[in-house]
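Take a look at the letters that make up each chain.
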Amino acid sequence: VLVVEDDADSREVIGRVLEMAGATVLPAESVAKAMDGVHLSFDPDVVLTDFMMPDAGGLDLIREFRKVPSARAVAVPILILSGHTGDSWRARAVAAGAAEVLTKPFDPAFLVARIAAAGAPGRS
Amino acid sequence: VLSEFLETHRETLIENSRAKVSSRAAPRATALELKTAVPLFLDQLIATLQIEESTKARHSDQQIGLTAAKHGKALQKLGFTAAQVIHDYGDVCQAITELAVELDAPITADEFRTLNRCLDEAMAVAVAEFGRQREMKMSDDETERLGFFAHELRNLLHNSMLAFEILKSGSVGVGGSTGALLGRNLMRLRDLIDRSLAEVRLQAGIKRRERVLLSEFIEEVEVAATIEAKARGLQLSVTAVPTGVAIEVDRQILAATVANLVQNALKFTRPGGHVLVKTHADADRAYISIEDECGGLVGRPEDLFDLFEQRGKDRGGLGLGLAIARQGVTANGGEITVRNMPGRGCIFAVALPRLPADGLPLESVGAVAEA
Numbered sequence: 001v002l003v004v005e006d007d008a009d010s011r012e013v014i015g016r017v018l019e020m021a022g023a024t025v026l027p028a029e030s031v032a033k034a035m036d037g038v039h040l041s042f043d044p045d046v047v048l049t050d051f052m053m054p055d056a057g058g059l060d061l062i063r064e065f066r067k068v069p070s071a072r073a074v075a076v077p078i079l080i081l082s083g084h085t086g087d088s089w090r091a092r093a094v095a096a097g098a099a100e101v102l103t104k105p106f107d108p109a110f111l112v113a114r115i116a117a118a119g120a121p122g123r124s
Numbered sequence: 125v126l127s128e129f130l131e132t133h134r135e136t137l138i139e140n141s142r143a144k145v146s147s148r149a150a151p152r153a154t155a156l157e158l159k160t161a162v163p164l165f166l167d168q169l170i171a172t173l174q175i176e177e178s179t180k181a182r183h184s185d186q187q188i189g190l191t192a193a194k195h196g197k198a199l200q201k202l203g204f205t206a207a208q209v210i211h212d213y214g215d216v217c218q219a220i221t222e223l224a225v226e227l228d229a230p231i232t233a234d235e236f237r238t239l240n241r242c243l244d245e246a247m248a249v250a251v252a253e254f255g256r257q258r259e260m261k262m263s264d265d266e267t268e269r270l271g272f273f274a275h276e277l278r279n280l281l282h283n284s285m286l287a288f289e290i291l292k293s294g295s296v297g298v299g300g301s302t303g304a305l306l307g308r309n310l311m312r313l314r315d316l317i318d319r320s321l322a323e324v325r326l327q328a329g330i331k332r333r334e335r336v337l338l339s340e341f342i343e344e345v346e347v348a349a350t351i352e353a354k355a356r357g358l359q360l361s362v363t364a365v366p367t368g369v370a371i372e373v374d375r376q377i378l379a380a381t382v383a384n385l386v387q388n389a390l391k392f393t394r395p396g397g398h399v400l401v402k403t404h405a406d407a408d409r410a411y412i413s414i415e416d417e418c419g420g421l422v423g424r425p426e427d428l429f430d431l432f433e434q435r436g437k438d439r440g441g442l443g444l445g446l447a448i449a450r451q452g453v454t455a456n457g458g459e460i461t462v463r464n465m466p467g468r469g470c471i472f473a474v475a476l477p478r479l480p481a482d483g484l485p486l487e488s489v490g491a492v493a494e495a
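These protein sequences, in sequence, are chains A and P. Residue numbers for the first sequence follow this note's numbering, beginning at 1 and rising by one. Residue numbers for the second sequence follow this note's numbering, beginning at 125 and rising by one.
So that you can see chain P by itself, here it is in the shape it has in the complex (with noise of 0.2 Å):
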């Protein structure tokens, strides 16, 4: 009988399924796939067909289905893919297959089209169960991620709105510290919505690319920036930009983009210190980076472009910049970079591709972005 097959030889069974699983190409095995999900599927698996088998009835898809909604739930909490438990799934099944090829098990046809019946309904299951509870996952985020812009929202224009009361009696100028703190939190306020635009764009996917002289665009990041450091009391240089070289991008999304590099820079850069803007280009590609005055970074300045990373005593903003930033550039077929000056600042650097000299627009841009 096959769940007696499988229980004499389980050891044998989980030993041969780890080797499947974890000689797999993609998706590239865990540790924890091969410790926790190998035997987890082969008990479930010999729970059902010791039931099927008593009953000779099929309401063991029942009971396969719930014990695999529990793995797929479980699954999806670990950090497993869907990929990943399909596979095991298969792997299980094939080392089961094999075994019994190879010792010359008595099993019946019918009884081989029960274990299939099992794996399809377990698999079926288990991954449903896991899209569910991967959706409900990303539900919460997207809450979470609500509840922190409404609250720096919510200070932002506190801060503005006590500011503009102060303003209105009277008692001080509209040029002094009240004025300019009224302009810098509704700056932020301005930012933080060009922020989440920029991001709704980014997640509606790039639908227009157009041609963009680097020199136009720097201009107009200049103007922006140079309002801003003046605000908090910072220099701002941008070095002169080469003539002639063109990108083709979603100016509204690189715009974006590259204003959170640069508000980021003006954000972490000490008092009385320096902001520097700079741009090159060769044969392939437009460069610009930024160079701040932050005193150098704590911690993998990779891990700069995770969502909700914050760093800094300064926590204006939602620690979605960095991370919108590389999606900005990545949508518009570029790369950005950190480099890390320690006790002095940091450098974050993007790279877009350049247009030809002759600065002609690509044709069928819209495919290229679906693409």
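Extracted from the complex, chain A is given alone in its bound form (with noise of 0.2 Å):
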């Protein structure tokens, strides 16, 4: 799983509740470090990102996955998760593209249903 979250702790924390349920996470602080990781070597089953960042945020990332000339990179299924209530920015992420959005605070149970039913499809 990679996990893309601006604020130190939560992508740590978030990363040890994958962990805990058995996933590989590859922690990003950024969507440009997330990208430069799949460049390279990451091919994530799946993605969660958190909506808002300072330089770019899930939108962007959801953007930036669907250049990558990779039939599996398009269909990785992207899942973006925000402090944020209410439903317009639900609506954008939807419309991007997004596979599921989520809302905080979740329970660590809900994460791990959530990413181990994104993941499940057609996927090994």
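Calculated from the structure, these hints are not laboratory results. Some clues are possibly wrong.
Here are some of the chain P residues that sit facing chain A, going by a computed Cβ distance under 8 Å [unchecked claim]:
(1) 275
(2) 279
(3) 282
(4) 286
(5) 289
(6) 293
(7) 295
(8) 302
(9) 308
(10) 309
In silico SDA-like pairs for lysine to any residue, Cα to Cα no more than 25 Å straight-line [to be verified]:
(11) P:354 <-> P:316
(12) P:261 <-> A:89
(13) P:391 <-> A:8
(14) P:292 <-> A:11
(15) P:292 <-> A:102
(16) A:33 <-> P:301
(17) P:402 <-> P:366
All values derive from a computational prediction rather than experimental measurement. We put the beta carbon where it would ideally sit given N, CA and C, even for glycine.
With the hints as a guide, dock the two chains, each given alone in a separate frame, to form the complex.
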């Protein structure tokens, strides 16, 4: 799971939850770092990204991913999480192609279940 | 006829009004005011007087009221103050009267009365609209701040909840990095709430000042800061505090203020770095300075005290800290300054009025605070 989150504590604690559930976690502090990793060797089954980050946000990440010349990368499910409530950001995320939108705070078991569901179809 | 007189001499009147507006001592004229506001007011007056003269009725009040409301709204958006709006109308009116006298224009007393009435109405409506717009903007700002606050609280709470769940599972020990993460986020929650409460208290105004020994005050600051420095893996030093130095302050507000400065220093200091808290006093003042190793400031140091100013990667916080710090120090009769040390860090220095050596508290503190 590629976890893109600018807040170091959030990145660490989300990564820990996913690792405990058996995932291999690739943490990245920005969209640019995430894409650098993808171009090098990252080949995630699922991407979990924060919605709002200082330089580029979750929607930018979706756009970047869709440009990668790899069928797997183009099809990878991207989940967006945010502390914001309200429908406008949710609608924008879905319109941009997000597989699912999650609102903070959430239960760790819920996060694991959503990541597993997103990564499961047609994947080993 | 007055409206014809205004139209004929429009350019002269604009020039004379601008001269008046720009020569006044306060409120000082802005370029925008001279360029935009003066012709606007004059044209508004001409249009209203024309209606008045053609109908001989007073329903032009309504007309000038409508245009004045529009102007009040536009002027607020352009950043004019209510005082500027009132003075600009007054200056235009004066320029008209003076030119009429100078050229001995055949204007009747009735027409001058109409002119005055139009001005009164324009001023009243423009200023009322101006005030309404300002209140709406303040309300919007407040909502935005509340949104930031809730968002920040939610993020910290989220981190804490996840960390707690991990600890509860028993797979990691409390003394490890997850426990430290929980502690760090709980501390940030506490700081955020403390800061908000200090702000609420500041807005309510200082009601209670008390005599505080500088040494005791710094001791309290040191206890909290040491815990945080340790959690962040930083070194904190507090130099020896001069004995017998007393200040008269609202303890809670000053504590929140200095705590903000120390937290900022810890937040922006490079990993493994050092934060130094120093104190000294002269005959009139007590000084507290906080020196960090943030690497130096980008931009103008004084802008750091603006609301919502946020620099650096760690966006934990609302950007309210330093704005509140300045308010907190000022409310206690002191001053706050920042000095940049490029490539190294910066020093925030707080100077507070020192109590006389006998240390007796001042009388009628409430009156001082309210003044």
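So, going through the hints one by one against the coordinates:
1. 275: Interface hint status for residue 275 of chain P: holds (5 Å vs cutoff 8 Å).
2. 279: Result: holds, 5 Å to nearest chain A Cβ.
3. 282: Holds, because the Cβ-Cβ distance from residue 282 of chain P to chain A comes to roughly 4 Å (cut-off 8 Å).
4. 286: 4 Å, holds
5. 289: Given a least distance of 5 Å, the restraint on residue 289 of chain P holds.
6. 293: Result: holds, 7 Å to nearest chain A Cβ.
7. 295: 6 Å, holds
8. 302: 6 Å, holds
9. 308: Residue 308 of chain P check passes; min Cβ-Cβ to chain A is 7 Å, inside 8 Å.
10. 309: At 6 Å from the nearest chain A Cβ, residue 309 of chain P passes the 8 Å test, so the hint holds.
11. P:354 <-> P:316: Holds. Residue 354 of chain P to residue 316 of chain P sits at ~19 Å (cutoff 25 Å).
12. P:261 <-> A:89: 24 Å, holds
13. P:391 <-> A:8: 13 Å, holds
14. P:292 <-> A:11: It holds: about 19 Å lies between the C-alpha atoms, which stays within 25 Å.
15. P:292 <-> A:102: With Cα atoms ~23 Å apart, residue 292 of chain P and residue 102 of chain A stay inside 25 Å; holds.
16. A:33 <-> P:301: 24 Å, holds
17. P:402 <-> P:366: Cα-Cα ~10 Å, so holds.
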